[in-house]
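Visitor: These protein sequence lines map, in sequence, to chains A and B.
For the working numbering, add 34 to where a residue sits in the first sequence, where the first one is 1.
For the working numbering, add 175 to where a residue sits in the second sequence, where the first one is 1.
Hints listed in this document are in silico derivations from the structure and should not be mistaken for laboratory results.
Virtual Cβ for every residue (Gly too), placed ideally from N, Cα, C.
Hints are not guaranteed to be accurate.
Distance condition first, Cα-Cα at most 30 Å in a straight line; then the derived BS3-like pairs of lysine-lysine [said to hold, decoys possible]:
no. : chain 1 : residue 1 : chain 2 : residue 2
1   : B       : K387      : A       : K478
2   : B       : K253      : A       : K427
3   : A       : K368      : B       : K387
4   : B       : K287      : A       : K463
5   : A       : K583      : B       : K343
6   : A       : K533      : A       : K629
7   : B       : K435      : B       : K387
8   : A       : K463      : B       : K286
9   : B       : K286      : A       : K469
According to the in silico footprint, chain B covers these stretches of chain A (three or more CB under 8 Å from chain B) [what the hints assert, rightly or not]:
no. : region
10  : 472-478
11  : 493-505
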Amino acid sequence: MKIRKLYLFILLFMFGINGFAEQVTFTMEAPRVVELGEQFRLSFSVNAKGQNLKLPELSDFDVLMGPSTSTSSSFSIINGVSSQSVNYGYLFVLRAKKAGKFTISPASINVNGSQFTSNSVTIEVVKGSAKPSGGGNDEPAAKVGSVPKSDLFVKVILDRRSVYKGDHLIATIKIYSKVNLNGFEDITLPNFEGFWAQDIELPQQINLQRETLNGEIYNVGTLKKTILFPQQTGNITIAPVKIDCIVQQRVRRSGSFFDDFFDSFANVKATVVSDPVTVSVNSLPSSPANFSGAVGRFDLSSSITNTSVKENDPVTIKLDVRGTGNIKLINPPKIQLPPDFEVYDPKTTSNFTATSAGVNGSISFEYLFLPRNVGDYTIPPVDFVYFDPSAGKYVTKSTQEFKIRVARGEGSKNIMSVSSKEDVKMLGKDIRFLKQGAIQLKPKGYVFFGSLNFYLLYLGGIAALLALYLFNQKRIRENANIARLKNKKANKIALKRLKDANLYLKKGTAEKFYESITKAFWGYLSDKLTIPVAELTRESASAALEQRKASAEVITGLMHILDTCEYARFAPGGGSEKMHELYDEATDVMSQMEKEIK
Amino acid sequence: MNWIMRTKILKYCPFLFAFLVVKGVSAQPAALQDSLAQAAKFYNSGKYNEAVRTYENVLTRGFESPVLYFNLGNAYYKAGNSTYAILNFERAKKLSPNDEDISYNLDMARKKIVDNIVTLPQPGFLAWWKQLISIRSADQWGVHSMIAFFIFLALFGLFLFSGTARVKKLAFWISVAAIFYSAVTFSFGNEMRKRLLKPNSAVITERSVRVKGSPSETGTELFIIHEGLTVQLTDQLGDWIEIRLPDGNKGWVKEATMTKI
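Required output: the full structure, derived from the provided sequences and hints.
Guide: What follows is the structure, encoded as structure tokens:
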């Protein structure tokens, strides 16, 4: 028993601590819009016991009542964690003195010796409508079952009517009511065709707030807030919203005095439809080639996993785009990788939240690639081009340049030998490059064909041939003269040599004698037959003589003399008789030859 | 002295001669070569408009060359002016019909123009014959003809002077073939020269041209053609020119709408 008490005590103590551990919040609340002369509440709430509430200046308002205080506390156990909260409320009833917009500056309160200040609120005071304020008795009750259009309607409110394609606009669907709205039965929301829509998160509960529209106060509930990114240009119409509302209406029974006090209520179904709204979407100015489709404001950062790898090791380059805009619709920027890198499709991950300021977040592109060959490679900066709608122009952000060193990997040689040949990759098409080297210019319209030079060349060729022919003819003639001359002199020289031989015969010098005879005949044959001495042999001589129609007798005679001379030169000692005989024969053959050969 | 050697000298002599003649023709101011080098530098650094201006400058000095037209066409192409790229490639092709690079770039430039006209197929033999004539320029045919003529002369000389009957016979028949080849290529060269001196085709340089059925403003409008199209010129009346499209259609246009190749 004692122990349980102790537990309880500890528990309570802990709650107490819990209570204190929470931050003190001190808030002020008031309706946003009031009518002139209308009573309204200004309430303060603080989640701890406070003292000495100091009200701000309220000179524009009459304080009709207050403060009335209230206390509430709650205790909850959620998933085994218990929590307790207390709330102290201070309530004032005010009435506005004049129309206009007033800001009530923060109030302050002392909690446990420290001072806390509340938020400030702004109250718009409008001139009241025709109906008298105060008791609701005389409210003009409409016919049961129908709700006037001016009392309940729905609106699609766009923050902008004209945007660039890809820029965002915010559509807010609000219901305006002057009647007692009990609930919604069926809400048909537009599907925002032509837009990429991103809902902004709203509290589940639809809270009605007072707002003015054209000087009238309505209870306004925000049903939906959506960020829209137009996907096409031109006028896009947003389909109307249709809501079936349940309205509580007073049913007045006629006749009885008490009826005024004891009205009964009936739920009436009222259908409201918004007016369709149109957005005019302007196309973007002519875009650069590498425009990513991004519209908004972005920052770009990039990183690489590794800059020094081995062949076929994967490398990832990551581009991070961070900012506000149509993040989900950004195309991956083109990355210029060396052609012998194997590239995979970029992996895209996005993370964003939709707020009233637009869609904010980041998208990252991861490019995985495998360098296939050894070498030093440079990956040029990647350009990310987006359109900045507030500046109305394209902005380019670039990453840094990456240098990758690819080293030879283990076992890569095997891979090389398997696929050593590759098809030539067609990377693009372009015209052939300029022709290099010095350009041989010629005067315009000059054609070598048919020019004077052209014909002169032909003539030159003919002239050369003609000259050659004439030259040859002359040479032939000259040669013929020489032969004739030699022919003429042949006999004379031969006779002179024979005379020499005769001299040697008388002297008795056999060797010289035979030599002279031989010379006389060879020389004679050479000159007569126009055959050089060096080419002259017994066979060629006899053949030439036969051609010249010399008689067989002469030829054999000649051969005999030549043979004898040859023989005698190498085996001397024939005696003078034989020499005389030979001399006589030689003179005979010589004179015979001279007769027969012309 | 043997005759074979003499004929050899005879054979080479004209080449030497021809070389000297060509060298003499191509003498030109060094300043032009400098501006050509400057133009190539502009092209390499991506300043295509400057390159165009520099090349055009050389042309206005009264000189031309297939390479010059080719490079100018390239500069126009890169500067984004396909029409003038086509015009200059056509001019280059006219001077040097068998250059593969020129044909390739001309095809590339033609892909960028508006009109896509299917070329009318010509009757087989005629097309083949025209094609055969136009595979070499006038000067190239001229050189062919001349070399063949010199070979003829050399062989004829051999025929005259040779002592051997077999050589004589061979030289005679080859020399007949050579003189025949020389005559044929001469006629081809003459044909190409005529084409060169009398322009028979043009490139449309006006953005879009209405082709009329008769040489007057009131003529029936037959069809519309666009810039960059190469047309054949078939007739002329005042400042009206009758053109023929590659698909065989004919009509009249003003002379100012085109630039002759």
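Visitor: Hints first: check each against the structure and report whether it holds.
Guide: Verification of the hints:
1. B/K387 - A/K478: Violated, at roughly 33 Å.
2. B/K253 - A/K427: The given pair, whose Cα atoms are some 27 Å apart, holds under the 30 Å limit.
3. A/K368 - B/K387: The hint is violated at about 49 Å.
4. B/K287 - A/K463: Roughly 13 Å separates the two Cα atoms, so the pair holds.
5. A/K583 - B/K343: Within the cut-off at roughly 28 Å; holds.
6. A/K533 - A/K629: holds, 19 Å
7. B/K435 - B/K387: holds, 19 Å
8. A/K463 - B/K286: Roughly 12 Å separates the two Cα atoms, so the pair holds.
9. B/K286 - A/K469: holds, 22 Å
10. 472-478: holds (count 7)
11. 493-505: Held - the region 493-505 of chain A has 7 residues with a Cβ nearer than 8 Å to chain B, which meets the minimum of three.
Hint compliance for this structure: hints 1, 3 are broken, all remaining hints hold.
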